[in-house]
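> As they're listed, the protein sequences go chains P and R.
Under this note's numbering, the residues of the first sequence are numbered 1 to 497, in order.
Under this note's numbering, the residues of the second sequence are numbered 1001 to 1566, in order.
Treat each hint with caution, since some may be false.
[Said to hold, decoys possible] Label-pair distances were calculated between CB atoms; the ranges are:
1. R:N1499 / P:I396: 19 to 27 Å
2. P:R220 / R:R1390: 56 to 64 Å
3. R:L1257 / P:I396: 24 to 32 Å
4. P:Y406 / R:T1022: 28 to 36 Å
It is worth saying that the hints were derived from the structure and are not from the lab.
Even glycine gets a Cβ: it sits at the ideal position worked out from N, Cα and C.
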Amino acid sequence: MSTRDGAASEPDAALVEAVDGLRRRDPLASAATVFVPWQTRTLLVAAALLIAGLVVVPGATVVIVTAAVALLYLATMVQRVLLFVAGLDDRTILTVSEAEARRLADDDLPRYTVLVPAYGEPEVIGQLLEHLGALEYPADRLEILVLLEADDTATVEAAQAAGVESPMRLILVPPAEPRTKPKACNYGMQFATGEIITIYDAEDIPDPLQLRRAVVLFRRDPGLACIQARLAFHNSDQNLLTGWFAAEYGLWFRYLLPGLASRRWPVPLGGTSNHLQAKVLAEAGGWDPYNVTEDADLGLRLARRGYRTGVLESITWEEANSDAINWIRQRSRWYKGYLQSCLVALRRPKDTLRVIGLRGTIAMTLLLAGTPVAAASNLIFWLVAFIWLLGQPAAIAVAYPAPVYYMALTSFVIGNVLALYSTLLGARAGGDSNLLMACLLTPLYWILMAIAALKGIWQLLVRPSYWEKTVHGLDGMDGERAGQDHDHESERAVSPS
Amino acid sequence: MSAGQLLRTDDPIRAVRVYRMTWAAVMAVCYIAVGLWLSHGKGVILGDALSRVADARFVLFSRDPHLAAMGFVFTPLTTFVELPLVAVMEHWPSLLAHDVPGIVVSAIAMSLAVLQIAGTLRDRRVGSRWIVAVCAMVALHPMIVFYAANGMSEALFLLFMAICTRGLLRWMASDDVHDLALVGIGLALGFLVRYDALAVGIGSAVVVAGTTLWRTRSTLRMRAHAMAMDVAIVVAPIATAFLLWSAVSWLTTGDALAQFTSDYGNTTILALSGGSGHDPLYRAGFEIIEWLALEPMIFVIIAVAAVWTAVRRVPDALPALVVYGAVLGFQAFSYFRGDTFGFLRFAITAIPLAGTLVGMLRPRQGLLFSRRAGPAARLQGADHGLSRSRRLASWAAVVGLLLPGVLIAPVTMSKPQIANQEYAATISVLGIPASPRIRLAVEAQQRTFRTERDVARYLDDQQLPAGSVITDTLFGYAVVAASSNPRQFVIPSDSDFVNALNDPAAHHVRYLLTVPDSGRGTTDAINRRYPTIYANGADAGILELEFPNSGSDQPAYRLYRVRSTA
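Only chain R is shown next, with the shape it has when bound in the complex:
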C-alpha cells in the first residue's frame, strides 16, 4: 500500500453512495424544471427569493462590492450560497430577474433534504422500497415542490433540520460524539438560514441533557460533567454563530439584532402591513388549520407515534418531534402573540415531521453502523424481520397517513385565505377553477415584477454611467436585479449613499427612483430624506416618468430627474 492511501474499510454506507447521488440529481433536476416553468412560464416569483438574489448581486457587482452588502436584516447563508451562481449568471440578467440562482439553490437543497430523511430511515435498516414510498410522500408534496422550485430559504432550512434530526437519532443509539457534532453544526448552519433554529437548539439541548443524564452510568458528579459536555457540544456552534453574526451586524451597522429591530426587519414590516390581524383565539385556530391544510393527518400521526413510543419503549420518535416540533411550536407561539405573519410556509416543517414519524413506525432492524460508538451505545436493532401483518400495516400507514396530505394540499393551497403566497402558483399551474375575483388576483401575481423589469430596461437603454440612479432597495431590489448595468445604481449598501442622497447633483446622480410614501414605503430612505418627493418632487427632482405597477403588492414607481442646483 503506498503512502497516502487511506485504509480500506468496508463501510456499508459507502456502497450506496452512487445510488443516493443519482436520486438527488434526478430530484434536483425535476425541481429546477418546475422552478423554471413557474418563473418564466407562469411568472410566479416571490419577493423574498428575488431579494436574496439581488443581495448577492449587490455583494459582487454593485458600485461598491463588499461582503457586508448582503445586509444584516436576514441571516446570510442563502445569499452566500447563491453568490457563485450569481457570479456565473451575471451576463444574463434575465436569469437573475427570474430568480434562477435561487431556484437552483432551493432545488438542490430540497433534494438533499429528502435524501437526509431517506438516510434517517436507512440508518435504521428498514426496507428500501418502503423508504422510497415514504420519501416520495414528502418529495412530491405540492408545498415541498413549490418551495423547492421558488428560491426561498425554506429548502435550505429543511435540509439542516433534517440533518439535525438524523444526527440526533443516530446519537441516541450510538452515543457517538460525532453524531452529536453533526447536530451542533446542523443547528448552527440552520441558524444562519433562519433564526428559528434557536428554538430547535433549545429543544435539542434539553433532549441531549436528559438522555445523557439518564444513561450515563457513573457518580452524580461525572454524570453532571457528561451532561454539561454533551450540551456544550450541541449548543456551542449555534451559540457561536449567533454571537458572531450579532457581533458582525453590530460592528457594521451598529445594530446587533437587526433582524428584529431594524427598519427593514420583522417588527417594522409587521406594523406597517397592518399587523397580524384578528384576536389571539382566531390566530390559534388559524394556525391549527394551517397545519391541517398541509398534513391533515398530522395529529393522528403524532398520536400514533406517542402510543408507539410508549408501547415499545423506544425513543425513536423523539428527535423528529423535538426538531420539527420546536420550529412549529415557535412559529405558532410567535403568531399567537402577534409577532409574525401567519404564512402557510411557516408550517412547512409539518411535512417532514409527518414523513419522519411515519418512517419510525417500522422497528429498527440490524446493526446501526457507527464509526466511533460511545460507552452508552445501543446499536443492536431487532434481529427478526417484519411479520406480514406488520409490513402491510406499515404500507397502510403510508397510504392512509401521508397520502392524504399530498392529495389535499393542492386544494388547500389554492385558497387565498390560507395560502396567501401559494395560491397564485397553485391555481395557475394546476388550472383549478376559481371565482373571477380570485382569477384576477392570480393574474396580477403572475405579472409581478414585470414592471420592475421594464423600469430596468428603460434605465439600461439610456446607457447611464455608474452612480446615476439612486434608489432604496426596499422595493428597488427587483429593478437592480433585472438590470444589465447594476453599477448605474446608488444603493444603501454603497458607502456614499447618504451623502449622495443629501446632494444628488454634486454626486452626479441623475435620477431618483421613488415609491409612494405610504405603508412600507414610509421606511424608504428617499422618502425619509424627502418626504414629499413622490408627490411633487420636493424641489429636488422633476418628474420624468411614472410606471404604474401591473403586479400585486408592488408600488407605482416615479422616476424623478435630479434638478441641478444651478
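Chain P with its partners taken away, still in its complex shape:
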C-alpha cells in the first residue's frame, strides 16, 4: 500500500498542469471560458434581432422562429435515421474473439494504465478491487491508479481499509478547484507510465479481456487513436427508468456511435472504457477540467485533430440511475457538457470544417447541441400541439403557415414514431427483449429529458463548470448501506478566469 506525498513542489507542478495545462497551451480548446467573444457577440445580436422583430413585425418573426425550429427538428430526425442506417451493418462494430485476445503473449503486451477517479464513494471502493482484479492482464505491465481527492477522508480511509496493493496505487489529488473528474484524471496522467490509458469508474465491471482486446485492435489498425468499449447496464430490470436508460444506451452504443465511427465523424466518447494511446492523449492536451462531459469533449477534440475512434464489442457493466431526481441531475450535467463541448468545438469553425468536413460538423452539432436544445423546446411545442388539438386558436395558426405546419407535423408524428421504433429495434437487436414495455413508454422518458435539458441550459448560463455528482450504489447490490443519506450536492463555487 502506498500513497503519494513527495516533495512539495512536485505535486504542485502536477496540479497546476492538471488544472491549467490545457487552458494555457490551447485556450480556445478549454471550456474555462464558456463563450468566446465572437460567440457572445453573435448570441447578443441574435437576441436583439429577435426582440426587435417581435416588437416590429411579430407575425413574421414568429413564423421565422417556428420555421427555423421545425427545420432543426426535421434535420435531427433525418440525421438520426441516417446514423441508424449507417450503424446497421454490424461490421461497424469492431470485434476481437476470445481466442485472439488470449493469443497475445504476455511479453508482447504494452504497459497499460487504468485510471479510476472516485469522489465521495466509500461504499463502492471495496467492490473496485474485485472488479478490476478480474482484468486479465499481467500485473507487471499493468498499473491501476486510483485517484482520490486528498480531503475526501471517508473514501481514502475506506480504500486503505480495503487494502490497495500492486498493481493498484492510490494517488491523492490535492484539493483544488474545479472539483471535477477530468482534473483528477489529468493529475493522474502525470504519474502514468503506460502506453495505453483507459478510465473506469469505481463501480464499473469491465469485461476481463477488454484490455487485451484493445491491444489487439490497436495492433490490427495502427491508424486508430482511440477505442470506445460498449457500456451497458446490469440493473436494466430494476425499474422503468433503468429500462429506459438501458434501451437508450443500447441504441447509442450499438447503432449511433458505430454509425458515427464508420463515417469517420466525431465520436463523443462515453464516460469510461475509452482506451487511448498515451502519446495521442498527450498531444491532444489531456482532458478539459472545466468541461463537465470531458469524455464527449475529448472525442470531439480528437476528431478535430484528425484522429480516428473505433467502437469495440466488449462490455463494461455500469449501474443505471434508478432514481428520477438523481437521473435528472446526471442528465442535466450531460446536456450542459454537450453544449459546452459543442461551443468549444465550433470556436474555430474553419479549422473544424477543414478537418471533419461539412457533414461531420453538421452531424456533430445536431447530435450534441441539437439534442438538448430540441429536448428543451419539446416542452413548449408539445404544449402548443396540445392547445392546437383542443381548440385550434388563431394565435397558433399564425405561426404555422402550410409549409411550416407540414414540416412540424412530419417531424412531430413521423419523427417521434421513428424514434420510438428505433428504440424497439435497438433493444431487440441486442437481445434485450425484456425492455419492451420500457421502449413503448419512451415518450414519458422524453418528458424527463426535456426537464433535464432545461436545467442543463440554465446551468450553462449560470454555473458552467459545476459538476453535479451522481449518487451510485442505488441498485441495491450492496446491502449495508440502507438508510444512509448520500447527498453530495455541496456548493462548490467555481470561478472560471
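With chain P fixed as given, assemble chain R onto it according to the hints.
Same frame as chain P, now just chain R:
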C-alpha cells in the same frame, strides 16, 4: 480515407444494383406505354383510378387547397404519391383526364413489385435465368399488365406485399431485426394503400410469434419476452398507421372509420348498387372460379408447396402463403358474407402467390447475406448445386404451373360475368371476337368519361370566375379532373361548400351540376339538399343543358343555372 466516407464493404447485393434498376426501368416504361395506349387509344379508364387523380388535384389546385381534401374514405397513399405528378401535369388537363399520373405510379409500383419478387428468389441464390423466367410469368400476366397500366391501387399494394413476403422470408433465415422491421413498415405502408393489409398483419404476427417462440433457446420467460418484442416490431407500425389514420379522419370529418361507415364508403356503395347478389354458396363457388380464372393451377401449386415443405422441412413457402393468402382469404371471407363486391381484381394476389411459391421449389443455395444476423440465424443453404433432373423439373414447373395462367387469363378476362371491370380492355386490346351485345357494352365502356370531358370543356369555354359551379364529387370528380380551370368548382372539400349549397346565389355560384336521384345518386350532396333538383330544378335552378352520357355506368348530367333570388 477522408472524413465522411462510408466504410467500403463488399456487399454482393450492391453489385447487381445497376442490373436491377435497368430491368425496373424497362418494365416501367413498357407498362406506361401500355397504359397510355389503353387510356388515350382505347379510351379505357377506370373510375377508381381517375378519382384518385382527381383527389390529388383537389388537394393542390381546388379553390381551397389543403391536404385533407384528399378525402378519408379511401386510404391516402396512392393519392399522396400521385401529388407531385399531378402538380407537374397541371397545365395539361387532358393528361389528368386520361389518368396519366395514376398510370405512371402504378407502372413504377408494379415493376418494383416484380423486382421484389425477383429479389426474394435471389436472396436464396438460385439461378438467375430461372428467376427471370418465373418473374416473367408474373410480369407478363395479363391481369398484372392491366393493373400496372391503369392507375389503380393494386400495384402499390402488391409492391408492399412483396416487400413483406421478402422481409418475412429473410427474417426466418437471418433472425435479423431489420428484416422484421421491413415487414412491419411494409405492412404499415400497405395499410395506407388498402386496408386489407390489416389481415396480413394479423397473419404475419401469428407466424412471427410462432417462429420466435419455437426457435429461441432460453427460459420460458425469456422466450415469452422475445415473442412479445418480435410481434411488437411487426405490428407496431401498422397499428400506429391505423390509429393515426383513424385519428386524423375523426378529427377532420368526425368519422373515425370513414372507409366503412361514410356515405361514400363501401357499405353504402354496396347497398345502393344492389348488394353482392346471389346466395352465399354461389358466392363461395364464384370466388374459387375467380382464383382459377387468374391462376388455373393455383391449387396444384399450393398442394405442391405443402408437400415440398413437409418433405424438406423448410418453411420457405410459409411467408408467401401467409401474406398473399391472408389477402385472398380476407377478400373471400368478406365476399362470402356479402360485405364486398366479387371483383376479379380482389383475387390479383393469386398471381404473385403462384409465382413466389413456384420460386420456392428450388432449394436455397449458398449463404444468405445478412447485415446483422440474430442469434437464431440459419444462413447456410445447400452446398451442392442442383442435379440435372431437379433443374429440368423446376423448369417444367414454370412451364406447367405458371404458363397456363398467362395463356388462359386473356380468355377468362374477356368474360363479363367473371371480369366485370377488365373485359372491355381485354376485348378491345386483344381483338377477341364477342357477341354483338358484349361488343356494344365494350364500346360503351370505351366511351366512358368522354361526356365528362365534354362537360368540362363546355364550362371551361365560359371562362367562369372561381367558385361558379357547385358539384359533388361522387360523379363530378371526372369533370373536375378534366377541366382546365379547377378553381371554378365548389366541391365538398371546400370549407364553404355547405353554405354555398344552401344559398348559391349569395355565394356567387352560377351553376349546379346535378345527377339523377337514383341508385348511388341518392347520396349526392346536391340531391340531398334539393331532392327534386334533377327532375325540375326545385325552385333553385333553371335547366340550362342536359348531357346524356355516352359512357357506361355514368349519369346523364343536368346543368342548372342558379335562379337569383331577386
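> Now tell me if each hint is right for this structure.
Going down the list of hints, with the structure as the test:
Distance hint for N1499 of chain R and I396 of chain P: a CB-CB separation of about 25 Å, consistent with the stated range 19 to 27 Å. The given range of 56 to 64 Å is broken by R220 of chain P and R1390 of chain R, whose C-beta atoms sit roughly 44 Å from each other. A C-beta distance of roughly 29 Å is found between L1257 of chain R and I396 of chain P, which places it inside the suggested range of 24 to 32 Å. Look at Y406 of chain P against T1022 of chain R: about 35 Å separates their beta carbons, and that is inside 28 to 36 Å.
When each numbered hint is compared with the structure, a violation occurs for hint 2 only.
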